[in-house]
Amino acid sequence: MGLIWLIGKRLLYAVALITAVLVLNFSLLHLAPGDPADVIAGEMGGATAELLAEIRALYGLDKPFLVQLGLYLQRAYQGDLGMSFYYNLPVVDLILQRLPATMLLVFTALSFATVGGTVLGVLAARKPGGFTSSMVTLLSLVGYAAPIFWTGLMLIILFGVVIPIFPISGLYNVAKMATGLSRAVDIAHHLVLPSFTLGVVYLALYSRLTRASMLEVMQADYVRTARAKGARERTVYLRHALRNAILPVVTMAGLQFGSLISGAVLVETVFNWPGLGTLVFESVIARDYPTVLGVLFFSATLVIAANLVTDLVYRMIDPRIRLQD
Amino acid sequence: MSVLKVDHLCVDYRSRAGHIRLVDDISFDIQPNKTLAIVGESGCGKSMTALAMMRLLPDGATITKGVITLEGDSLTDLPEAQMRDIRGASMSMIFQEPMTSLNPVFSVGEQIAEVLRLHTDLDKQQIREKVQALIRSVGISDAGQRSSAYPHELSGGMRQRIMIAMALACSPKVLIADEPTTALDVTVQAQIFSLLRDLQARTSTAIVLITHDMGVVAEMADDIIVMYAGRLAERGSVETVLSRPAHPYTRGLIDCVPHLQLGSNISHKSVTEIPGVVPALETIGAGCPFASRCGLSEERCEAAMPELSEVRPSHQVACWNYQET
Ligand SMILES: Nc1ncnc2c1ncn2[C@@H]1O[C@H](COP(=O)(O)OP(=O)(O)OP(=O)(O)O)[C@@H](O)[C@H]1O
Ligand code: SF4
Ligand SMILES: [Mg+2]
Chain L
0 MGLIWLIGKR
10 LLYAVALITA
20 VLVLNFSLLH
30 LAPGDPADVI
40 AGEMGGATAE
50 LLAEIRALYG
60 LDKPFLVQLG
70 LYLQRAYQGD
80 LGMSFYYNLP
90 VVDLILQRLP
100 ATMLLVFTAL
110 SFATVGGTVL
120 GVLAARKPGG
130 FTSSMVTLLS
140 LVGYAAPIFW
150 TGLMLIILFG
160 VVIPIFPISG
170 LYNVAKMATG
180 LSRAVDIAHH
190 LVLPSFTLGV
200 VYLALYSRLT
210 RASMLEVMQA
220 DYVRTARAKG
230 ARERTVYLRH
240 ALRNAILPVV
250 TMAGLQFGSL
260 ISGAVLVETV
270 FNWPGLGTLV
280 FESVIARDYP
290 TVLGVLFFSA
300 TLVIAANLVT
310 DLVYRMIDPR
320 IRLQD
Chain V
0 MSVLKVDHLC
10 VDYRSRAGHI
20 RLVDDISFDI
30 QPNKTLAIVG
40 ESGCGKSMTA
50 LAMMRLLPDG
60 ATITKGVITL
70 EGDSLTDLPE
80 AQMRDIRGAS
90 MSMIFQEPMT
100 SLNPVFSVGE
110 QIAEVLRLHT
120 DLDKQQIREK
130 VQALIRSVGI
140 SDAGQRSSAY
150 PHELSGGMRQ
160 RIMIAMALAC
170 SPKVLIADEP
180 TTALDVTVQA
190 QIFSLLRDLQ
200 ARTSTAIVLI
210 THDMGVVAEM
220 ADDIIVMYAG
230 RLAERGSVET
240 VLSRPAHPYT
250 RGLIDCVPHL
260 QLGSNISHKS
270 VTEIPGVVPA
280 LETIGAGCPF
290 ASRCGLSEER
300 CEAAMPELSE
310 VRPSHQVACW
320 NYQET
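Protein sequences, first through last, are from chains L and V. Position one of the first sequence corresponds to residue 0 (numbering that gives the first Met the number 0), numbered consecutively onward. Position one of the second sequence corresponds to residue 0 (numbering that gives the first Met the number 0), numbered consecutively onward.
Treat the hints as calculated values from the structure; they're not laboratory data. Keep in mind the model is a prediction, meaning the values are calculated, not measured. Here a beta-carbon is modelled for each residue, glycine too, at the ideal position from N, C-alpha and C.
Partner residues aside, some chain V positions facing chain L, computed with beta carbon under 10 Å:
| # | residue |
| --- | --- |
| 1 | L55 |
| 2 | P57 |
| 3 | E79 |
| 4 | G87 |
| 5 | A88 |
| 6 | L101 |
| 7 | M165 |
| 8 | A166 |
| 9 | C169 |
Using the sequences and the hints, build the whole thing.
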């Protein structure tokens, strides 16, 4: 009962939030200088006054702003995000084409960051001030301070030029025409550098967070209780302490899903990864407003969905949250 | 035949700042089915003595001298793996803070079951039954439902009952209760103590009860040791020590409890507090640590620590000027 109610409430919030996102984005793009009709006409090879008027009528650009906005919202909620000026395809189709690549990148980076960060943090907390701990602190400082594009470019130079063991561009090797398993391997191989680049900042963050959280939790009274029961040190550490120490990491990972997606735009551009990031980049340059809006709409939805999932996961691991709300 | 013997126990704490003795030459022993009270003001080393018996001293604190034997076997030089088999099984401990001593992310039934899994060969079904029986035995009704509750869903008194159930799960020879009711209100305190008495009558467990409440001592304990600044001040049967205290510190503690001033009317005689505070352990010199607060202090008190001397059979005191009453 409580859970359904919670999800229902969240969905309601989500619709309101997404509407706000759409209105805001639509208005901003409308205010931006430049007339999409010019661009479209340019693509077609020349702009006469009649052609411009025709294009405006076709895309509804001649209607008043509020009418355009209203129409857009109405269609968006029916799953129609309009036609792309530039690709001449329905925006929804375009997005669905590119979505899997982005999801693959984002979730690989997220798993790498959370799992890797937790493992490193736990190791570092074992002996605060020890070798592992210092290495993790150093790594997390470097990882956290380095901007994504810099990490990306350095990795490209290192693994693309100096020791060329990882592909530095694209999702798979077109020339190979691989299928089945070897295609999966090929994609995984291409995934290494982009997901590492995207994930390493978060890896750094989560390893520090886990370390601090573990050190705190190890002082807790219930850890002493677990020892007094006769539990092994490993059980105390991984069962009693980690389960509590992981809570802030889950919260953080959920909250940062949005920034992970915006990071993906950069990474995709650097590594020429055919996902939503490159799509939005290309369509901004081309002033392809429907596509830009569509991608923004989609990422907002993803972020909101991620927050809901975080909430549910948190409830699963922290019984104290279950009864509230 | 004593079940637990502590012989000349010393616990030292080493830090960068130096080296202090938290527990200095404490000896006592306990018989089955008896309760020994350890009494003293805050910071006197009561918890350190208890944790030393469990070999669960905090980082930096170690047993530097003395022997602890459980049923004739020395615990002090037992390998850690064997010590784990003793913790929670032959010797268990409950703590001062029931609010934080249970792990918030596991149900209380699960936390009791863990002890049984660690120390017995019972199968799942047997463990479930035993957990419910234990929960019932500490006076909690509808054990089935309560066992799936999480700590935050229970009151402090309930949690302490769960801690007791957990501590008694494997019928320990010795139960150490470190101020088990300090965090609870008065009616709940009385319930917990009567529960402990009932359980002792059924199981013959020896109880080490740490407290700074002489009223509790009178009600619960058979024998008492009074600690001051890590050292033994007085030791004997409760009957003797409470009615004929020999050490000025013990007398001070007794005077803090109004209804223990036998033969005097509370309204006529005001409750007296011992003036001053326990000195910082690093400032204690060669003399009697109580000298700075003692009305009977004289020159030799500052010069040398009084040896433990026999006031009468099984009643010892460490004071140059002890008074036979
Ligand atoms: N983790 C620790 N590390 C170092 N010293 C400690 C630690 N915990 C306590 N001490 C010191 O050890 C001494 C004895 O403390 P202990 O906890 O045994 O006192 P206590 O008699 O149990 O007091 P209370 O009634 O407050 O529980 C105190 O001087 C205290 O400052
Ligand atoms: S030895 Fe001296 S200072 Fe210490 S308690 Fe006895 S009389 Fe007081
Ligand atoms: Mg204590």
